[in-house]
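Residue numbers (this note's numbering): 863 to 1051.
No lab work stands behind these hints: they were computed from the structure. Honestly, I wouldn't trust all of these hints.
[Claimed, not checked] Label-pair distances were calculated between CB atoms; the ranges are:
| id | residue 1 | residue 2 | range |
| --- | --- | --- | --- |
| 1 | L1044 | K1007 | 28 to 38 Å |
| 2 | N863 | T1050 | 34 to 44 Å |
| 3 | K1040 | V885 | 52 to 62 Å |
| 4 | T1050 | D1004 | 34 to 44 Å |
[As the list claims (entries may be wrong)] No more than 30 Å apart at the CA atoms, straight line, and that leaves these computed lysine-lysine pairs for BS3-like:
| id | residue 1 | residue 2 |
| --- | --- | --- |
| 5 | K1011 | K989 |
| 6 | K940 | K908 |
| 7 | K1007 | K940 |
| 8 | K1011 | K939 |
| 9 | K936 | K924 |
| 10 | K1042 | K906 |
| 11 | K1040 | K939 |
| 12 | K1042 | K951 |
| 13 | K1040 | K879 |
Every residue gets a Cβ at the ideal spot worked out from N, C-alpha and C, and that includes glycine.
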Amino acid sequence: NWDEMFSMFKDLLNKLKEATPFVQIVLDYLEADDIISTACRYYKDKEVIIISSDSDYEQLAKYDYVKILSPKDKTYKKVTNPDLILAKKIQKETTDNLVSEINNEEDYLKREKIVNLLSLPSDIEEKVLRVLFEIEPVTNFDINKIPFKTMRDRFMSIYCEGTAEEETIKKIEKKKAKLKKLKQRQLTI
């Protein structure tokens, strides 16, 4: 039942609005990635941190001021080639038969226009910008009103303790070293 589902999400959003310092932007017929993409260009004079495990946002790492924090790993993602993300996404969609096959450059350009977060259609961008112009900082919130203890604890661990970028880079390097050792071990076996 979609109405019930949307009602539950609306209730959760209201509770999070009371409990957290985050501004909520809800625009009908737009996805979060449209809003986040536009916000990245709007706030280009500030550090922008996207908190998501969704690899689509890695396109936005093309902007020097954008960082992507993985809530799962509690580390910043190190994106080495943001331009490649878009091409991989288009390739994966066609391989998984999510979209029709790309047979020529025109097909590719049409698909790129749909999934490219670096360049949205102007009507979408304008709709989001109108809302961004009106945003004011949230000052009245109570973290203890977050509805679920696990969510409250996660909020505290991610947003209140902070995740230093240098710390994240060290974690990534450590993981790479472990993987390299593991691969070497497997090769010697």
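Given the proposed pairing of K936 with K924, does the C-alpha separation stay at or below 30 Å? holds (21 Å)
Distance restraint hint 34 to 44 Å, applied to the beta-carbon atoms of T1050 and D1004: At 56 Å between Cβs, range violated.
Does 34 to 44 Å hold as the CB distance between N863 and T1050, or does it fail? violated (56 Å)
Tell me if the beta carbons of K1040 and V885 are separated by a distance inside 52 to 62 Å. 39 Å Cβ-Cβ, so the 52 to 62 Å window is violated.
Do the alpha carbons of K1042 and K906 lie within 30 Å of each other, as the hint requires? Violated. K1042 to K906 sits at ~37 Å, over the 30 Å cutoff.
Take a quick look at whether K1011 and K989 sit within 30 Å of each other, Cα to Cα. Violated, at roughly 35 Å.
Range hint 28 to 38 Å (beta carbons of L1044 and K1007) holds or violated: violated (44 Å)
With the threshold set at 30 Å, check whether the alpha-carbon distance from K1040 to K939 stays at or below it. The given pair, whose Cα atoms are some 17 Å apart, holds under the 30 Å limit.
Quick one, are K1042 and K951 close enough, alpha carbons at most 30 Å? Holds, at roughly 27 Å.
Restraint check for K1011 with K939, where alpha carbons must lie at most 30 Å apart: holds (27 Å)
Would the hint linking K1007 and K940 be met if the CA-CA limit is 30 Å? Judged against 30 Å, a Cα distance of about 34 Å means the pair is violated.
K940 paired with K908 [C-alpha distance capped at 30 Å]: Between K940 and K908 the Cα gap is close to 19 Å, so the pair holds against 30 Å.
Comparing the model with each earlier hint shows violations of hints 1, 2, 3, 4, 5, 7, 10, 13; every other hint is respected.
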